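S.K.: As a plain string of letters, each chain reads:
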Amino acid sequence: MFKKILVANRGEIAVRVLRACREMGITSATVYSDVDQSALHTRYADEVYHIGQAPATESYLRIDKIIEVAKRAKVEAIHPGYGFLAENTDFAEACEASGIVFIGPTSKAISLLGDKIISKKTMSDVGIPVIPGSGGAVADESEAQTMAKQIGFPVLIKAAGGGGGKGMRVVREMKELTSALKQAISEAQSAFGNPTVFIEKFLEAPRHIEFQILADNHGNVIHLFERECSVQRRHQKLIEESPSAIMTPDLRAKMGQAAVQAVKIAKYTNAGTVEFMVDKKRNFYFLEMNTRLQVEHPVTELITGIDIVKEQFKIAAGQRLSMKQEEIKMNGAAIECRISAEDPQNNFAPSTGRIVEIVEPGGPGIRIDSGVYQGFEVPIYYDPLIAKLLVWASSRDQAIKRVKRALKEYSIRGIKTSIPFHILVMNTPEFVKGEYDTTFIDKVLGKVEYKKHYYEIAAISSAIGQILKEKRAAVSAVKKEPGINPWKLSSRLKMMRK
Amino acid sequence: MFKKILVANRGEIAVRVLRACREMGITSATVYSDVDQSALHTRYADEVYHIGQAPATESYLRIDKIIEVAKRAKVEAIHPGYGFLAENTDFAEACEASGIVFIGPTSKAISLLGDKIISKKTMSDVGIPVIPGSGGAVADESEAQTMAKQIGFPVLIKAAGGGGGKGMRVVREMKELTSALKQAISEAQSAFGNPTVFIEKFLEAPRHIEFQILADNHGNVIHLFERECSVQRRHQKLIEESPSAIMTPDLRAKMGQAAVQAVKIAKYTNAGTVEFMVDKKRNFYFLEMNTRLQVEHPVTELITGIDIVKEQFKIAAGQRLSMKQEEIKMNGAAIECRISAEDPQNNFAPSTGRIVEIVEPGGPGIRIDSGVYQGFEVPIYYDPLIAKLLVWASSRDQAIKRVKRALKEYSIRGIKTSIPFHILVMNTPEFVKGEYDTTFIDKVLGKVEYKKHYYEIAAISSAIGQILKEKRAAVSAVKKEPGINPWKLSSRLKMMRK
Amino acid sequence: MAYIAKIDNKEFKVDLKQEGKGFKVYLDGKPWVVTVASDKGSRLTLIIDDKPFDVILEADDHIFVGGESYNVEIFDEQVGRLMKASAGRSEKRELAVEAAMPGLIIEVTVKEGDKVTGGQDLLIIEAMKMQNQIQTPRDGVVKTIQVKKGQTVNSGDILIIIE
Amino acid sequence: MAYIAKIDNKEFKVDLKQEGKGFKVYLDGKPWVVTVASDKGSRLTLIIDDKPFDVILEADDHIFVGGESYNVEIFDEQVGRLMKASAGRSEKRELAVEAAMPGLIIEVTVKEGDKVTGGQDLLIIEAMKMQNQIQTPRDGVVKTIQVKKGQTVNSGDILIIIE
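Chains as they are written, first to last, in the numbering used here: chain A, 1 to 498; chain B, 499 to 996; chain C, 997 to 1159; chain D, 1160 to 1322.
Warning: the hint list may mix true and false statements.
[As the list claims (entries may be wrong)] Computed list of lysine-lysine pairs in DSS-like fashion (alpha-carbon distance at most 25 angstroms, straight line):
no.	chain 1	residue 1	chain 2	residue 2
1	B	Lys949	D	Lys1199
2	D	Lys1199	C	Lys1036
3	B	Lys619	B	Lys762
Hints listed in this document are in silico derivations from the structure and should not be mistaken for laboratory results. What you are looking at is a predicted structure, and each value in this text was computed from that prediction instead of being measured.
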């Protein structure tokens, strides 16, 4: 096993990986930007190295500086976390070139899976279902029209070079096609430096279900079941759970097999996630593969008991997987709520600043992966995700009740967070019944209002607060009043009586 | 299921039970003494009732007041937690008489198992191994001598009416017997109001291993495996774990069977714990049965996934156990560290006062059951247990490493706690290897010193602290200095130059 | 004492009488029994009709109860005087568009003198990798623009004044 | 600046030079590089030779590092002056036995004028269900007993003075 690892990230995921280092007796190093001098990951690591100014382009995205730190700190391996350089082919190559182990797949695998057109074709060729579509780049308008007719509306125009909803357009009628194509190409160019787009069938109200996989360098591949991630807002996942409410043993076996096959065909190694779309008839389609540790990986850890980060270390160190597919057992149900520094009651506007107080939930079945602490100033430069609330229980029903209990205990003051949003979801019948898809937030929550429950209590409390304040003011006025020493007073009274 | 429950306790166990209520949608009520007006359990419950002054005899031990509250709040059942009235026959009877369900065994079962002589005889009669001994009360000195000779030294004199080390004496030679007997009888009288003592074989360096059981009102009894509780100081458990490092499937099956048999013969219902002593040859002996929820019950929850408090509710409501013995699976390993308000570096002297800051560990495999919060004043009147750190991992080895990681993250300031003790234990080879028994603290830790590791860092930090303080003082002196407005100064200088 | 409490613009009459260690409260005539379980100035634990509530009184006339935040104005009923400082701002003809979040000004899409209609985009602020369009809540004319592209702003900074 | 730091009675010479945002420190001549990552008065985060340390400076001349508490006395090396207030107590012939914990006096087992020997029990304090025997650390005569049975004491209260 490695003796020393560099964690090239920040926030909760850096802390997550640093914790694994500590438990494995591995010396850890990390990097920090100007505003992260006293961030939690900087306080947690064994060694810390400054790499630049606050903007990520000046620090966490600087491949040169990170490789330099890795050499200076004499680490054997680098864990990239998620985001930043985690899926960056150049970074993986730079590690390879410097003789430092990149804890993740090879740069070649990242490159193959990073191009959506190539990866889709690769999967389709071996019989893994993919969404019907152009099968390759769309050259011009007339080709787009031919393709769209062939596939049938509605269709989706997508960028080959990236995700996150950028360079993406839904087209429902032929007359919308031309302008949508132009917009998508222009967005793709500016977002990813690559104008290539392709067209595929647009699935109405699909569910987003992904499979966690582990693959060692010796050809062994297993999957750790699914995660349902359909609670999304602008393609950002907010709540994830496992098992999926719609999963059957048969469907799980088929999708798991497809996920393992996808990994094998891409010669992928380490931990990864195969994402699928599932339509209303339970047909599934390969969407893409995330070539890194996911935000939501703890959901799988809770139901399998497997520590995915530790497995990543072992795989990167060349060890063989210690468990076989048939030994992996699913136990209970787990739900993750992403706690972000955003105001859900104000269109998820970012909310940064000093965290005045944190009270975290405790007791049975609770796991908190946090990247902040009481007194920390949440900077404006990075992702708003500040913590993850994870809950395990013996069943989905029990888990939802436990999440509700935990959210009621959870208090973060000083900034706004997504906690009220999660409370709302946990009380929404569609979610509780498991009847939701990726349109859930727009279609169901769009109409739901955030209600307040304590008007009377607030009125009583503020009046009590006022009367206590007045009393304190009265007491301190008496204390401050000079010369009314009771001893002096009584002697003065005596003198007067004479 | 019950609609409303009274939790007649305080601290972490009250919060634990209140959490279960919330998750099950049961309205909760609790009681509080003068000093617990803003205790965590008082802040957590749905309804709260004042029952008297700080001393437990004036509040948490007042059967009359608690029954009165139960009636006023119209609860259907009472959960007694542990300690206070949890094993009090009168209290269970008072509940029964008032038509309120006591969440625990019947008063009859408490009474039978509360008398050590009778319970030992009951178990022995059906073939459960018990420690060889007098088999009944020792009437006088000469009978004691006869018994001691028959059993063989060393022997143990024990009080029939209670535990906790009171009324207990080890006797290694005949000449010590007379005075030890006198002392034990006098102590037993003053501690339990019952001078009855008995004699049994004193086991050298035994392990304390207990089995968690669940028994419904329909004759179904299961056990949830063992907990090893040999890390004890003055008969107080400090660390518990499951599985026990010495357990074999064969021994587990035998002890589990004996535990179930003990429960059946005592017609015991609800959750309970059968305690055994295990000698060096792996012979086990029935010690006693704890007729309540144990402090360490979460250890078992972590390795089985069963929520013992919820099971208690279901059993008390008359439901049948939903699982069979063969369905209970042991998964991984769990360790509990009791966090108490005591100074382990000063002979575990109690340390009460205001908790200035709490930082709790997080991340994978951590559970914190706490009864306090930042800003809370730990009162002097009750048990020093303020929280429990629980860790789950896939193996004992992994769990110990995780406990170490968690203890390093755990910070409680304002009072002294047992955290340094737990760090010491986790670094002690005998514990790590699982080679320990109830003499562990005296024999092994007696010689170990608490070392400090950061003298140089402390020296540097205090000098830096000093220089920063001086700088701040200089800055504020400049700010406060009147009349040194730079504009004025420069005009004065100009005037002087003239 | 009797107060008028305006909670998010709902008005309540709160009449308080000290009783032992607590208070008897009449809220619009309806009686409640309150015990002050803990008083740490801006943090209270109150037991109201046997139910515990943690209350945080925030500096900016907000009160935090049960995880929810309420805007509060308290008036002394007898003298009709506002006890706290937040109110009294009269409706102005000018509207200051403030930054709802700290961030970086990516673009200002209007210029001084422009006529704008309610809901129209004024500028784009980036924070936490997200671009946020800031709109004018009502019709008017852009009087002054107080920020420019590339500038960092804090929450509450005035960005644009609409007349 | 140069200081003498006495940490739990171990003496260190600490020489500090400001360098950029941090300090170059010589500890008994050995060099260390320190960055002040966070300075909140009594709470510091220091990065010392690339290793982060959270430091809490407590009011009573204790410093908290890595979960451990150290007693600190700081002297200005040039003037030899103690910078903090804790030291300077001379050895007195009288010894005040203080309560190591808050609790209830269960019994006082000596009386004024009694001769006592080191380790002898003086009284019993109960706290948290535990009875604790308080002993005299050295020989002497009981001069005054400042508490009595049934009384509640706080940590640090003087119980008995031994002469």
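S.K.: Hint by hint, note whether the structure agrees.
M.R.: Evaluation of the provided hints:
no. : hint                  : verdict
1   : B:Lys949 - D:Lys1199  : violated, 29 angstroms
2   : D:Lys1199 - C:Lys1036 : holds, 23 angstroms
3   : B:Lys619 - B:Lys762   : holds, 15 angstroms
The structure does not agree with numbered hint 1 stated previously, though it agrees with all others.
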